[in-house]
Each structure stands twice: as structure tokens, then as C-alpha cells.
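Now for the letters of each chain:
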Amino acid sequence: MSSLLNTGRPPVFCPGCSHERITHGLDKAFQNMSLSGEQIAIVTDIGCSGLFDTFFHTHAFHGLHGRALTYAAGLKMARPELTVIVTMGDGGLGIGGAHILSACRRNLDITLLILNNFNFGMTGGQFSATTPSEVQVGSGFLNRLERPMDVCRIMSSAGVAYAVRCSSYAKDLAQEIENAIRFQGFSIIDIWGICPGRYTQRNKMTPQIIEDSLAKLPSRTNPIPENIRKEYGRHYRELAAEQKPVPSPAKIETKFHAPDFGRKEVVILGSAGQRIITAGEILCLAGLTAGLNVTQKNEYDITVLRGACISDVILSPEEIGYTGITSPDIVLALSQEGVDRRKHLFDHLDKNALIIRAEKIHLPPCNAKVQQPDFKAQKIKSSDRALAALSVLSKLETVIYPDMLESALAHRFKDNILASALDLVRRVEGLGA
Amino acid sequence: MAFCLMEGNEAIAWGAVASECRFFSGYPITPATTIFNTLLKLLPPLGGMCIQGEDEIASIGYCLGASMAGLKVMTATSGPGISLCSEHISFAIGSEIPIVIVDVQRLGPSTGSATRGADGDIQFLRWGNSGGLPVIVLAPVNVKDCYFLTMQAFNLAEKFRCPVFIASNKEIAMTRENIDIHAIAKPEIIERSAPPPGKPFVPFETSSGQLTPYFLPIGGNMPVRQTSSTHGPDGYITTDSDKIAEIQERLKTKLVSAVNGFSFHESYPEERADTLLLTYGVTARAAQDAYKAQKKYGKPVSLLILKTLWPVPQDLIREKAGNARRVIVMEMNLGQYVREIERILPDKKIDFLGQMDGRLITPHRIQEVIAHV
Numbered sequence: 510m511s512s513l514l515n516t517g518r519p520p521v522f523c524p525g526c527s528h529e530r531i532t533h534g535l536d537k538a539f540q541n542m543s544l545s546g547e548q549i550a551i552v553t554d555i556g557c558s559g560l561f562d563t564f565f566h567t568h569a570f571h572g573l574h575g576r577a578l579t580y581a582a583g584l585k586m587a588r589p590e591l592t593v594i595v596t597m598g599d600g601g602l603g604i605g606g607a608h609i610l611s612a613c614r615r616n617l618d619i620t621l622l623i624l625n626n627f628n629f630g631m632t633g634g635q636f637s638a639t640t641p642s643e644v645q646v647g648s649g650f651l652n653r654l655e656r657p658m659d660v661c662r663i664m665s666s667a668g669v670a671y672a673v674r675c676s677s678y679a680k681d682l683a684q685e686i687e688n689a690i691r692f693q694g695f696s697i698i699d700i701w702g703i704c705p706g707r708y709t710q711r712n713k714m715t716p717q718i719i720e721d722s723l724a725k726l727p728s729r730t731n732p733i734p735e736n737i738r739k740e741y742g743r744h745y746r747e748l749a750a751e752q753k754p755v756p757s758p759a760k761i762e763t764k765f766h767a768p769d770f771g772r773k774e775v776v777i778l779g780s781a782g783q784r785i786i787t788a789g790e791i792l793c794l795a796g797l798t799a800g801l802n803v804t805q806k807n808e809y810d811i812t813v814l815r816g817a818c819i820s821d822v823i824l825s826p827e828e829i830g831y832t833g834i835t836s837p838d839i840v841l842a843l844s845q846e847g848v849d850r851r852k853h854l855f856d857h858l859d860k861n862a863l864i865i866r867a868e869k870i871h872l873p874p875c876n877a878k879v880q881q882p883d884f885k886a887q888k889i890k891s892s893d894r895a896l897a898a899l900s901v902l903s904k905l906e907t908v909i910y911p912d913m914l915e916s917a918l919a920h921r922f923k924d925n926i927l928a929s930a931l932d933l934v935r936r937v938e939g940l941g942a
Numbered sequence: 118m119a120f121c122l123m124e125g126n127e128a129i130a131w132g133a134v135a136s137e138c139r140f141f142s143g144y145p146i147t148p149a150t151t152i153f154n155t156l157l158k159l160l161p162p163l164g165g166m167c168i169q170g171e172d173e174i175a176s177i178g179y180c181l182g183a184s185m186a187g188l189k190v191m192t193a194t195s196g197p198g199i200s201l202c203s204e205h206i207s208f209a210i211g212s213e214i215p216i217v218i219v220d221v222q223r224l225g226p227s228t229g230s231a232t233r234g235a236d237g238d239i240q241f242l243r244w245g246n247s248g249g250l251p252v253i254v255l256a257p258v259n260v261k262d263c264y265f266l267t268m269q270a271f272n273l274a275e276k277f278r279c280p281v282f283i284a285s286n287k288e289i290a291m292t293r294e295n296i297d298i299h300a301i302a303k304p305e306i307i308e309r310s311a312p313p314p315g316k317p318f319v320p321f322e323t324s325s326g327q328l329t330p331y332f333l334p335i336g337g338n339m340p341v342r343q344t345s346s347t348h349g350p351d352g353y354i355t356t357d358s359d360k361i362a363e364i365q366e367r368l369k370t371k372l373v374s375a376v377n378g379f380s381f382h383e384s385y386p387e388e389r390a391d392t393l394l395l396t397y398g399v400t401a402r403a404a405q406d407a408y409k410a411q412k413k414y415g416k417p418v419s420l421l422i423l424k425t426l427w428p429v430p431q432d433l434i435r436e437k438a439g440n441a442r443r444v445i446v447m448e449m450n451l452g453q454y455v456r457e458i459e460r461i462l463p464d465k466k467i468d469f470l471g472q473m474d475g476r477l478i479t480p481h482r483i484q485e486v487i488a489h490v
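Line by line, the protein sequences are chains E and V.
The numbering of the first sequence is the working numbering, which starts it at 510 and goes up by one.
The numbering of the second sequence is the working numbering, which starts it at 118 and goes up by one.
Note that these hints are calculated values from the structure, not bench results.
Hints are all accurate, no fakes.
Estimated spans, in silico, between C-beta atoms of each pair: (1) E/E906 x V/Q240: 46 to 54 Å; (2) V/E305 x E/E735: 49 to 57 Å; (3) V/L451 x E/A607: 28 to 36 Å; (4) V/A119 x E/I737: 49 to 57 Å; (5) E/S722 x V/S346: 30 to 38 Å; (6) V/E388 x E/V813: 48 to 56 Å; (7) V/P350 x E/S722: 43 to 51 Å; (8) V/K316 x E/G633: 40 to 48 Å.
Selected chain V positions facing chain E (in silico; Cβ < 10 Å): (9) E124; (10) G170; (11) A175; (12) Y353; (13) I354.
The beta carbon of each residue, even a glycine, is placed where N, CA and C say it ideally should be.
So that you can see chain E by itself, here it is in the shape it has in the complex (with noise of 0.2 Å):
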């Protein structure tokens, strides 16, 4: 295969930097696996590495800073025969570095190449996430006071599969870049590279010191065997196939007629447990039994399974504007912290207003009619109270019948717990005359 080389717009960096090295090594690599350009996407962060997708004819995608890793994640999700290589320098490590744990959590088909140089080439060597704490760069004293990181170390804790540290001036660079771009998952080469423009102007570094540093660290075996697992496109394929479809929103048929008594506006006053929001929603299938329209909206604590939980039900055979409940027509008062939640709420209620409270419950003083159903005697647990009271309001006849809200429970539930739920409001008794 011939060079994928964009011979129009050759590389513009610093004479001397290491960028250009991995340019070319880059290249070899497509070359040698005899890729061509459109079947190659690269991305690319910002900084000097930011410039590596203008020198190649092949797909290109330049974005933000430290951002390059979701591009390609898009990309290679959406197109996973493409071959897709990110160029990333050691600030984009820093700035993206959840991005970075988040791709070697996640194990992609994607091959990260950190154009390592231990500083911000671009905006004047300000110090990076690999800078060494010893070394003069362009930000004062601030680096003495930082510790560099190991990337290949925290890639590897994070969970990424392949992981080398190479130098730009290896021999087998292009050998290097190919074996990781032939990794089926996320691999990541950290070439540690020379910046003549910032870096070296103050700080001493030759090939040599590289390849000294390089050799004293501990060698590591790739693929990384603790890491090595399926590659997550074709996972999350495999996964999805097994995925049933969602069949259409459910419809709701009209068969029967509601109680003609208008808009009605119901509360549900209760807690966490109580099955309340359930309860809410089965009197708006009731309302849709009979073709009302309906609203329902929630109130609950950002606790999890305690704190009052509440919800405001509109039933009405004409269109529903605002959805606040002021003056409600019913009021379901079924636990005490819901009541105080809306302690307010009773100063509104009129003398047509009725509550149905369950037993110990303390209301506010209030204007309206107040019933209290013996939910105990009948053996009714308080996480099937709301549904009962459901069936106590139904047998009133004034906002649902008991036909709707039994055909609203048969399009909720099913099997066992329908016919628990059906049992369950045929037995509750009403309020009487």
C-alpha cells in the first residue's frame, strides 16, 4: 500500500520534535496492515497532536480538548469496521482523564496514541499531568508541587487490556503502533517524545535519557491477561440482540361512562411503601376507561423507600390546562408525613370536599366532610391502603365506578398480582349510605 500521507499539507511541527517521527510511524503502520483512507478514522485532541489528522488523507474528526476519546466511542460504535485511532498529548490526559478511565473501564475497538512530551507544547510548556516535579517549565514553581502520573499504570488499574510505553525514536515504532491498532479493544501506546520549542529549551533530553528512563521502569506484559475481555461493541451488540422489542404504547379503549360530575381533582396523600404513585396512575386508567382526560403528577423526597410521596390526579371530560390542585374535590389521607407535606392544602378544601383518612391519621382543621374507612378490622396492610382506598372512593360512585377501576387494575397487573389487586378492592367495604 502506498503512504496515506497528505502531501499537500506536510507536518508543521518544530524542527526536531518527536511529532514528526510519529507521523511517519503512524503511516508505516497503515501501510504495513495495507489500510486505506476511508477505512480509517483519526481523531484528534487539541495542542500540537491536534494537528495529526490534517497530515493524512483518511477520515478526520478534530474537536475539543481532552474530548477526543467520546468522538471516537461515537464513531466506532456507530460504524465498528472502521479503524479508529486517537492522537492525544499529555494535556489531553489531564483535561480528559475521566474520559480516559472511562475507555479503558469500557474496552472499545479504539487505539490511543498519547504523544507524551511532559508538557503543553502550544501554549508555552506550562506543566502537565507527566511533567516531572524536578524540571524548569512554564509554570513557575507549580510543578515542584505535583507529582507526574504512570500512565500505562493507572490505564492498566482502570482496566485497559493493552497498554505499552514506547519512544518515538524506537526502531520498531511503526511495529509498535501496528500491534496495538490490531488489538480487538482499547489499547493505548504512551510515546514519550522530545519537545525542542518548550521542553528542551531548559530541560536536557536526548533520545538516550528516554530510552535510559523507559528501561528502568518495570517491564509489563501485553495483553494485560487480568484485563483481557470481549471488546465492548461487539458485547453491547450481543447483549442488545437478546433485547426484546418494546411493543406500541398501550391503548386504552373507552367503554364506559364516567359518574357525571365533571372535572374532579383527587390528592393522594401518603409515603414511600405506600404503592402511591401506582395508586395514582390506576385512577388515571380508570379516568381513561371512560375516555376523561387526565393528569397526574408526582411528589416524592430524593429519599429512597422513607419521606412523604404524594400525587395530584385530575380527572375531566374537557381538555386539562394547568395541572396544580388547589381545591381539591377528594383527599386520600393515608400516612401523617404526607399530610403535613401539604399541610396548606386543607385551608382550601370547601364543605363539598370529602377525605377519606386511614386510622391515626391527624388532619388540620378543615371545612370538609372527613370519612375514615376501618382499613385495620378489614385486615388491610398499609402498602395496599392507597388501592383500597381507591375502591372505598369507586364505591362512592362520584368520581370512578368499581367497573372502571377494575378494568383500569386488569391493564396494569397481571396474573397473580391482578387477581391479589381485584380480590382486594371487591372486598374493601364502602363507606355506606
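Got chain E; can you put chain V on it based on the hints?
Below, chain V alone, put in the same frame as chain E:
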């Protein structure tokens, strides 16, 4: 008649699927999370993808990659997340990457209140990008709009190659209501247009009169360039001021000049009315109640509900304001869109009703403002 019971977020998810969206990425955040939950069920069985990003920056970044690979994409978040998306919103604008972004607004500033509604991001959506170029923002009123406007949003994103926002609100997103989803007419689905064959592909080139460049996907048969840098038609960074000016002007004109073609709204004019109620989003529901009550009591007002907020549908607003002497602008913030109305209708008396406490503006409060001359 047959209704479904659905919340606004679910309707957005179904609207996305109906628009052939096949890639969603998002980060969990109340009150937007149920869009993610719903699409996680809907997309994978259709061969689509639903990804949980490590943050909102990544979530929208995945979308931009997948969009450039040719898929229809969407992300969804709320105030804290839309703030993080800012750099990628700018990218999508400047580099013409189609994407639908749902902002389910919650009470701000900052972390604010996760389960309280607001329309506090309306100016942020317009101006929360570096460079300040225009965007499209659609605002649903109810669950039906969530479905319908999401389909329109995808069409606009594809047609104009730009980000399109759906400015939802917790009060619509997490409120369930009846919807006859099968009766809502689907718009004809618009796709990005591929260049005519036979010529070399120049990614941001437009011919005379053409405002949106042709699209070819990254990963297709022809190498395609995409860049966040200031670029010329060839997709390479440029310092040529003439080329730069031409592209910036085109990015502005392609949306601003076209808004009359997508000025979604509802209008209820009353001949005898001297006052126009003007609103958007969930507040429109209270305004409709107030409008009906005023009419019933023999003191009619007109009502205009905007569903396209940006670019500002100026011609529509001027036309509907007509002979009204007074315009009352209502929104769930302390005064954002009212600035546009004051700008467009300098000869009218503009009254403002704003509220930013997590509660809905009530019809009663609107009627008080109407009565208070």
C-alpha cells in the same frame, strides 16, 4: 377514541424513535432520566444504541461522533448538565453536526431543585455557546407536543445540520397525561442530503443560494473531514478572513432566514381584545384556562403560545400582536423571553408575570394581572 397514559419524557423518547433516532447518550439527572430509561428499552432491540456517558460532556461527545458517522442522535439533560454541554453545543453549531438536545429544565441556579420545574434556561440555550451563533429551540406545552415537537426537532436538525433544543420542563416531563399518540400525524422524515455524484466532496462547501452543506458520513466510502477549528469549505483550519466571514454569516442566515418555515405556535385571537397573553411551555396551560375564563366572563383577551422560541419568530409575533395595546408575557423565570418581546414590540405596553419558586403560575394569578391595568 383510545388514549395512552404517558409522561412528557416518555413521549420525547417515542418521538425520537419515530424520527429514526438510533443513538442516545445521556448521564442520569432528574428530571431528564426517564428519557434515558425509556430509550434504553426502545433502542437496543431496534439495532440502535443507548449509552450512559461518564458525564454530560462525554454524553454529547458520543452523540457528535455517532452523528458524524451518519446516525440520528439525541442527548437529554437538565440545568447542571446543559451547562457542561456548552463546549459541545458550540462545536455542533460551528461544525454543523445534527443533534437533538433535550433540556428538561429544573429550578436553578446551579444544582437548584431537582424536582421543581422552571423555564430558567431559555436565554442560556440561545447564548450558552461560544461565538453566539443562533440555535433552534422548541418548547412543548404538553405530552402531545413532546412527541410532535421531537419529530420536528429531528427534521430541523437534519435539514439545517445544527443542534436543536427541546426546552422541556419538569412539569411537563414528569407529568403523566392522556395522549392519543396514534392519532398524531407524523411529519415526513427529513434526512441529511448527500452531494450529487461525480464531484469531489468538499465537506463545508455550499453553492450559491445553498445555506446548508451536503453531508457524507465519516466511515463512508469517501474520506470526510470534521473540525472544531475555524475552517474553510474544505474542513481545514483557515485564517482567511473572507472565508471565515462567509461561513459565519451562512451559519447565522441558514436559521434566521428560515424561521418562518418552522414557527410552531398556537394562536387564539379575540377580535374585541385589547390585551394579548403571550407565553410558552407549561405556563401556556394556565394561560389557556385564563383565556377561557376571560372569554366566559365577557372580558376576552387574545392568546399566543410560542412553541418555537429561537430563532425568535419575529414576523409571527408582530402579526399576532396586531392591534393589541397591551401584551402580558408570562414565564417561569424572573424575565428572560420578555426581553425579546420588548425588543420586537416597542410600541406596545409590555407587562411581565414571572415566577421562580418551583410552583406553576396559576390561571388565577394571570387573571389578576389582566385585571390590574
